[in-house]
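Asks: Sequence:
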Amino acid sequence: MVLDARANNQLFGFSNLPKSFARDQVLKLEGDFNEHFTLYSPRHYERDALYVFTQHPMTSTLSTNGCWFTHLKNST
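Residues are numbered in this note's numbering as their position in the sequence shown, beginning at 1, plus a constant of 22.
These are calculated hints, taken from the structure and not from any lab test.
Note that the coordinates shown come from a computational prediction; the quantities given were computed from them, not determined experimentally.
Please note: incorrect hints may appear among the correct ones.
[Stated by the list, open to error] Restraint-style ranges between C-beta atoms, simulated for each label pair: (1) F43 to L84: 30 to 36 Å; (2) H78 to S42: 28 to 34 Å; (3) L33 to Q77: 28 to 34 Å.
Don't be surprised by glycine CBs; every beta carbon is placed ideally from N, CA and C.
Given these sequences and hints, build the entire structure.
Replies: As structure tokens, then:
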């Protein structure tokens, strides 16, 4: 799962991530969160992503200025 801040995107809104992701990996969340971040999740992990990125972490993330990205990776 990758949580990409939109505030640090390049010209024309292109992400500055070193890798591009498929459009079907984008998950939409509640509220205005999608205006500030893009959440990417691999297929079949959508439920896990929605379990991790609940309202409380989203509120905390927005209050930190939101100019960063987070990458969660399975280590097994």
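Asks: If I claimed the Cβ atoms of F43 and L84 lie 30 to 36 Å apart, would that claim hold in this structure?
Replies: violated, 22 Å
Asks: Quick one: are H78 and S42 within 28 to 34 Å, going by C-beta?
Replies: Holds: the Cβ-Cβ distance is about 30 Å, inside 28 to 34 Å.
Asks: Has the hinted range 28 to 34 Å been met by the Cβ atoms of L33 and Q77?
Replies: Holds: the Cβ-Cβ distance is about 32 Å, inside 28 to 34 Å.
Going down the numbered hints, you'll see the structure goes against just number 1.
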